[in-house]
Every structure is written in structure tokens, then in C-alpha cells.
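Given next are the chains, with one letter for each unit.
Protein chains: 2
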Amino acid sequence: MIGFRRNHFLGALIGIPLLMTACVPNKSFLVIKDQGSFAVGGSVIKNEGTFDPIKRTPEGQTFHGDHAYITYQIPAKARQFPLIFWHGIGQFSKTWETTPDGREGFNNIFLKRGFGVYLIDQPRRGNASRSTVPATINPTPDEQTWFGTFRVGIGYDYFPGVQFAKDEETLNQYFRQMVPNIGGFDTEVITNATSKLFDKIGEGVLVTHSHSGGFGWATAVKNSKIKAIASYEPGSGFLFPENEVPAPVESSAGPVAAIGVPMSVFMKLTKIPIIIYYGDFIPEKPDPNPGADGWRARMEMAKKWRDTVNKYGGDVRVVHLPEIGIKGNTHFPFSDLNNVEIANLLYKWLKEKGLDK
Amino acid sequence: MIGFRRNHFLGALIGIPLLMTACVPNKSFLVIKDQGSFAVGGSVIKNEGTFDPIKRTPEGQTFHGDHAYITYQIPAKARQFPLIFWHGIGQFSKTWETTPDGREGFNNIFLKRGFGVYLIDQPRRGNASRSTVPATINPTPDEQTWFGTFRVGIGYDYFPGVQFAKDEETLNQYFRQMVPNIGGFDTEVITNATSKLFDKIGEGVLVTHSHSGGFGWATAVKNSKIKAIASYEPGSGFLFPENEVPAPVESSAGPVAAIGVPMSVFMKLTKIPIIIYYGDFIPEKPDPNPGADGWRARMEMAKKWRDTVNKYGGDVRVVHLPEIGIKGNTHFPFSDLNNVEIANLLYKWLKEKGLDK
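Top line first, the protein sequences correspond to chains V and L. The opening position of the first sequence corresponds to residue 0 in numbering that gives the first Met the number 0, with each subsequent residue numbered one higher. The opening position of the second sequence corresponds to residue 0 in numbering that gives the first Met the number 0, with each subsequent residue numbered one higher.
Worth double-checking, as some hints may not be accurate.
What the hints assert, rightly or not - Simulated pairs of lysine-lysine, DSS-like, Cα-Cα distance not exceeding 30 angstroms:
1. K76/V <-> K111/L
2. K284/L <-> K26/V
3. K26/L <-> K76/V
4. K165/L <-> K76/L
5. K26/V <-> K310/L
6. K76/V <-> K76/L
7. K284/L <-> K54/V
8. K76/L <-> K111/V
9. K32/V <-> K45/L
10. K350/L <-> K199/V
11. K350/L <-> K111/V
12. K111/L <-> K165/V
13. K165/L <-> K284/L
14. K111/V <-> K356/L
15. K199/V <-> K165/L
16. K32/V <-> K284/L
17. K326/L <-> K165/V
18. K356/V <-> K199/L
19. K32/V <-> K111/L
20. K111/V <-> K32/L
21. K347/L <-> K165/V
22. K32/L <-> K350/V
23. K347/L <-> K310/L
24. K356/V <-> K221/V
25. K347/V <-> K165/L
26. K45/V <-> K165/L
27. K165/V <-> K76/L
28. K356/L <-> K26/V
29. K326/L <-> K54/V
30. K302/V <-> K54/L
31. K26/V <-> K26/L
32. K32/V <-> K54/L
33. K284/L <-> K165/V
34. K32/V <-> K350/L
35. K284/V <-> K284/L
36. K26/V <-> K76/L
37. K226/L <-> K195/V
38. K111/V <-> K111/L
Treat the hints as calculated values from the structure; they're not laboratory data.
Work the whole structure out from these sequences, hints included.
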């Protein structure tokens, strides 16, 4: 009998470690060690005087605003460097969440690959709408302008082969993932909030989109906790040494200008790996369609910038997806129909740069 | 040897089911089967004419707005009825997330107890800021007014024994969880969005706070997929039979009025279990401090409402937390220092009503 019990015990000893390695109820589930949300950055307005709690007049009252709002999730056994996702113009954290046609976005995809994920709503946007400056918001019908600027199509027509589901509900969800900006853009306010975020959470990889491309470069030069940047379709705000600012690149959407900074500031951009992705339907030559032509100018400026940063010892790569055989992407490759393939590219680059540990 | 192998196999057979029941890497981790976000409800403005993608003028363009923005998480082995959390005035989904002093909010607490969790940003608020009506937003310092209305204290002073951490960063986070309303409140727009949410996700328990208390009753009478309502400190919007509307209850914060509806509409509120919680520091008699006295009037109206609904066969309970020995709660019991105790009360009630299956 003793022998019998010992053998069962040994069997369980073999079984238990096998189960421990397989100990996720279902491989497609997320196992989250920690999740939460907080405000970071911003400033305080304080009225003169002393507050009267009976009369409740403005004297002595405060207003805390211009912070960013952050949600985060850390998976079990998370890799060392989390990914910090920053939306573009008119967008908020939704950009990285469920896609307009209902599939998983980059937040779920990278959580499942073991990365901590932080989602930013930048100051004066979405859940960080508590702005310290006044604003007048008008509901201006302009969604077809965005449809074109986002290179989903032109007019009411989808581009042939576009990586975007063509049903009405997808477009409904897509248009509803926009929110107004509450007051003007203040680069200092915006970049300070993200810089404070990195001060709070430590080192990580910044992932930007469009308008936040420029904000990302501007934050990286003030905070070295940004270990690397992956930027999807950065629009403007490329920082050059102040004596080497190229002329604006013209387009039918207007000129794309660059920004000059002191060399000591610029050199910080040579210290971290940077990758930039552009999608499909970008004209090769000047085009009267401003929605797409603006991107021709922006990608041209991005390549000038890559060349300048690399000339000074940097590590910038610009990937034009159709040139590597990936067709049909819009301004939002990370939420397009082929977003898993796009995620694979990013993961491969992170691995190549040793940022996947 | 055959006997040896069979005994090990049997040992593993015993070990494996034991492990399966304990198969969560760490009891405090969240195991999420599905999570995502989407827009629901709203309307579309469409300009006359045909869109010109070169000129990009307003003709023929659309504007999708006035939807609610929803984030959801479904745990592994979720109970049948999810909880749908609806913020109050000036707030957004943050209300239910990490508390101002950094502890877990009701979203994490109830996910860990096996409930699906849906968080609403109502139309024209936060991440659902895409409003179909214009708005002017002014950064008005008024946080001490809220400090009083939220019964954290009076003036700059905390109430003695208040269930609220007194450090500066907690107050900083607390004030920054407010966002502006983009345009006026439209009860139809707001309640239609939540009603559409329940149409989409099926039956669930609605959890409201303050201003959404009234919206909750108004949605429940139009959608029977709302199986029950738990309301924290509902402020206004109590629905009475149109011939039995009580006189407004006066307070130093102004009168608290009720709303009359046809009897056939009112009777729907008698069909579902409802529980209402009020916290501490509510004056027993009229008080010159409007921040607290408004709640005396609102709780009084809530009790009149309870009595009326129950008279007609309903199941409404009003719990005044200090009267059951739970002291120090503010207007936000679910995020106060003792929020686990508050969660336990809610869980107990759900169980009592068979809503925990």
C-alpha cells in the first residue's frame, strides 16, 4: 500500500509542473496582473480669496485641468518594457481598442503577447477634456473629409483593395471614435503630460499615430525613459537641427513644414531606435486629391528626417508598407483588416532591437 | 513496470482535476475572456448636396454624434447577468475605476467576483464627447463647490471620520476625474443610448450614481432588459404616477422636484428589484450648508418614492449607510476607503435577489 501511494504521489508530482506551464484556462484569454487608470500632468488654476461654502461663489476655488488620462493593463509575466499608445488628431484611446469592424485592436493583441499596455487620452481630449482654456465646440459635418484624409477612399467611394470593412456599421463606429479638442493644442502642455507619465511608470516604448508623431519626437527629447518609438503615419513636427531645416514640402493639402531645434536637443533623437510606417494609396507624384496628397508630402518629409537623424548616428527606419508587399492599408494600419500582420511587423522590430525581453 | 506507469497515470489523473480548479496563476489576477469598446446609440446629421473631395466644402458631409461610448470586460466563467455602471454629473467611466487614492474600484472588484462589467460614458461626456449640439466650455474654478456637494467636507475642511484619504494627490486625482458636458442634457438622447446598449448586450443589472439615478429610472421604463437597479445617491428624476407627484422638497441647495408619468409607465418600476444607498453627513434637519442639505431633500424624496413604488407592489429598498453602522461615506461610497465593504453589501443584495447566478 505504501508503494501504491508513493507512485500516485509521484504521478501527481509529474502532472503538476506540466499543468503549471499550461495553466491558463484558455490560450485566448487575457490574464491581467494589474489594471487601472489615473490622471497625470496638468496644472491648477486658483481664484483669489477664500471660499464661502454657503454662498459658493468663485472666490478661493480651484480648477485642476490639462492632465492626460491614462488607462493601463499589465499582463501576468509581463515583458520588461510596456507599450505606451498615443492617439492622433481628433482621436482618443479608442484608436488602439476594438477595431471599427469589431476585431481586437493593438491593446488586446500586445497584451496577449505579454506586453504591458498604457493608453493615453492627451490633455484636452476625450476623458482628459478638463481643459484650462475655454473652447467653443461646433458639430460640423466633416466626416467625408476625414474619410479622405484617413485614406479609406475618396468622396463616398472606398479605394479598391482597401483594408477596411465596407459595411455601414463599421463606418458608423469609425466616425464615432472621434472627439473634439477642448481648446487649442499646446505642445508644452501635451508633451509635459506624456513626459510625466514616463517619469511615473519608468522606461517603455512609445507608439504614436499621425499628430502624436510630432508630439512623440518632442517628448522623447525631454525624457530618456522613452526607449524607442514606433510611429504610424506621423504627420508633422519632425525636428531637425536648427541650421538644417529643409524647406516645406508642398502638397494640395498645404505645405508640410519641419521644426528646427538646437543640435544638443536634436541629438537625443539619435539615441533611440525609431521606426515609422506608412500605408497604401499615397500618391507618388503631386495629386489634386488633398486627402491623399498630404501624405505624399508628409512621407517625403519623414524620409528627409530619417536621412538626417541617421547621418548623425541615429537608427530611424521608414517602412512604406506597399513596398514590402503589404497592400491596402489606410492611415490606421494598426486597426485595418490586416492588423495582425501589422502587429507582427512591430513585434519583429521590437525583438530585433532587444525591446521584447 | 506496467503497474508502475498505471499508478503514476492515476496520480496525474488525481492531480490534474485538483489543479484545474486551482488553475488561475494567482488568485488576485483577472482572467478576461473578452474585452473591448464600442459606440452605441446617437444620430446622424447630414448636410444637403454632394461632397466635393477636392474642395472639401461642407455640402454632402455627415456628422455621427450623441452616442454613448462603452468599454466592457467579461471574465472567464462569467455569471449570467453583467453589471452596467453609469456615472453621474460631471463624471465619466473613471468613477468606477481606480479610486482617487489608488485602490481598486468597482470594475476590478466585481470582475474578480465573476461579473461581466460594462462602463458607460454617456452621450456628450468624456469619450462620448461627439455632441450634435454646439457648446461653449469655460474652465470655471468650482472644485470646492463639488467638494461640498460630494460631502467630502465643507470649505477646505474634511468631515471628521470621512472615508476619503486626505493627502493632496488623492484630491488631485479626484478633481481630475471630472469632464465637461458638451452641450445641454437631453434625457431622450441619453436614455436611448443606454436602452440601445441593453438591446445589444441583453439582460443585466444597471448600477447608477447621482445624476444617472434619474436617467436609470427613465431607461428602465423603456427597456425590460434592465433586470434590477442599484443606485448610489440618486439625485433627482424620481418618477411618480402623474396623479401622485409629491410637492418638491425644499433645501438650501434649491428644491428637489419629482416627475409625473402615466401609471402604465410607472408600473414598470414595480417589476424589478431596486436598491438605493445614501452615505453619511446628510443633515437630519434643514441645514444652511447647501452641499449637504441638498442630499437631505433628495434622500427624503427617495423615501417617498420607495413608499409609492412599494405601495403598488414594487421592491425598492433605501439604505442609509450610517443607520446600518457604516459611517463616513461621501457621495461616492463605491470609491470611498471602505468600498470593499460597500461592494459586499451590493453583492449580498444581488445574491438575495438571485442575480448572482
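Status of the hints after comparison with the structure:
1. K76/V <-> K111/L: holds, 19 angstroms
2. K284/L <-> K26/V: Status violated; Cα separation ~58 angstroms.
3. K26/L <-> K76/V: holds, 14 angstroms
4. K165/L <-> K76/L: violated, 38 angstroms
5. K26/V <-> K310/L: violated, 52 angstroms
6. K76/V <-> K76/L: holds, 22 angstroms
7. K284/L <-> K54/V: holds, 19 angstroms
8. K76/L <-> K111/V: holds, 19 angstroms
9. K32/V <-> K45/L: Answer violated: K32/V to K45/L is near 45 angstroms, above 30 angstroms.
10. K350/L <-> K199/V: violated, 40 angstroms
11. K350/L <-> K111/V: violated, 33 angstroms
12. K111/L <-> K165/V: violated, 38 angstroms
13. K165/L <-> K284/L: holds, 28 angstroms
14. K111/V <-> K356/L: holds, 29 angstroms
15. K199/V <-> K165/L: OK: K199/V and K165/L at ~21 angstroms, within 30 angstroms.
16. K32/V <-> K284/L: Violated - the C-alpha atoms of K284/L and K32/V are around 47 angstroms apart, more than 30 angstroms.
17. K326/L <-> K165/V: violated, 56 angstroms
18. K356/V <-> K199/L: Between K356/V and K199/L the Cα gap is close to 40 angstroms, so the pair fails against 30 angstroms, i.e. violated.
19. K32/V <-> K111/L: holds, 12 angstroms
20. K111/V <-> K32/L: holds, 12 angstroms
21. K347/L <-> K165/V: violated, 47 angstroms
22. K32/L <-> K350/V: OK: K32/L and K350/V at ~27 angstroms, within 30 angstroms.
23. K347/L <-> K310/L: holds, 24 angstroms
24. K356/V <-> K221/V: holds, 25 angstroms
25. K347/V <-> K165/L: Distance ~47 angstroms between K347/V and K165/L Cα, so the pair is violated.
26. K45/V <-> K165/L: holds, 19 angstroms
27. K165/V <-> K76/L: Between K165/V and K76/L the Cα gap is close to 34 angstroms, so the pair fails against 30 angstroms, i.e. violated.
28. K356/L <-> K26/V: holds, 25 angstroms
29. K326/L <-> K54/V: Within the cut-off at roughly 28 angstroms; holds.
30. K302/V <-> K54/L: Distance of about 28 angstroms is within 30 angstroms: holds.
31. K26/V <-> K26/L: holds, 18 angstroms
32. K32/V <-> K54/L: Distance ~51 angstroms between K32/V and K54/L Cα, so the pair is violated.
33. K284/L <-> K165/V: Measuring from Cα to Cα gives roughly 62 angstroms; hence the hint is violated.
34. K32/V <-> K350/L: holds, 27 angstroms
35. K284/V <-> K284/L: Violated, at about 77 angstroms.
36. K26/V <-> K76/L: At roughly 14 angstroms apart (the allowed maximum being 30 angstroms), K76/L and K26/V satisfy the hint.
37. K226/L <-> K195/V: Cα-Cα ~43 angstroms, so violated.
38. K111/V <-> K111/L: holds, 19 angstroms
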